[in-house]
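J.: Sequence:
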Amino acid sequence: MKDQEFMDRIEPMRKKLYAVAYPYFGSESMAVDAVDEAIYKGFLKKRQLRKPEFFETWLVRILINVCNSKYQHYKKQVGMEELPEDASPSEIENLPLKEAIRKLPEKYREVILLKFFGGYTLAEIAELTDSPQGTVATRMRKALELLRMEVAE
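So the number in the working numbering is just where the residue sits in the sequence shown, counting from 1, plus 33.
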């Protein structure tokens, strides 16, 4: 894949990438940073992409890995209880749900974020996570159950 082709394919995806990254952190600056890092890593490894039709899936997978890595680092530095620096009033209202999502184990948090914030179908999530679709559906049910219990407390 040529440099210009890579950049042409990235531009229409930026909003979707941001929508996947933002819920990991609840911070616009951290989400933008994660998206930029994923794009950079993808650019460096673009020659490793064997099937161009899987470009979006491939790049979202890179983004998820970047988000998971940054989230683990962020969680250690900041702690779970602090609000993001750019939290808006609507974010503060939804804080119990956002915190509940952040507390989910990674395999459950990932499917919730991809489904509800990234807009992916269960089949697409299965492809992105290299998991059978039945496993993704089970993780989704378990994640929703854990969220209901956490928010109800």
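Among the hints, erroneous ones may be present.
To be verified - Derived pair list, reagent style BS3-like, types lysine-lysine, alpha-carbon separation capped at 25 Å:
no., residue 1, residue 2
1, K131, K148
2, K79, K131
3, K35, K49
4, K48, K79
5, K79, K136
6, K136, K103
Please keep in mind that the hints were generated in silico from the structure rather than gathered at the bench.
J.: Taking only the CA atoms, is the gap from K35 to K49 under or equal to 25 Å?
T.: At roughly 22 Å apart (the allowed maximum being 25 Å), K49 and K35 satisfy the hint.
J.: CA of K48 to CA of K79, is that 25 Å or under?
T.: OK: K48 and K79 at ~20 Å, within 25 Å.
J.: For K79 and K131, compute the direct alpha-carbon distance and say whether it is at most 25 Å.
T.: violated (33 Å)
J.: With a cut-off of 25 Å on the C-alpha distance, tell me whether K131 and K148 pass.
T.: Between K131 and K148 the Cα gap is close to 15 Å, so the pair holds against 25 Å.
J.: CA of K79 to CA of K136, is that 25 Å or under?
T.: Violated - the C-alpha atoms of K136 and K79 are around 33 Å apart, more than 25 Å.
J.: Would the pair K136 and K103 pass a check requiring their Cα atoms to be no farther apart than 25 Å?
T.: Distance of about 15 Å is within 25 Å: holds.
Of the numbered hints stated above, those contradicted by the structure are hints 2 and 5, listed in ascending order.
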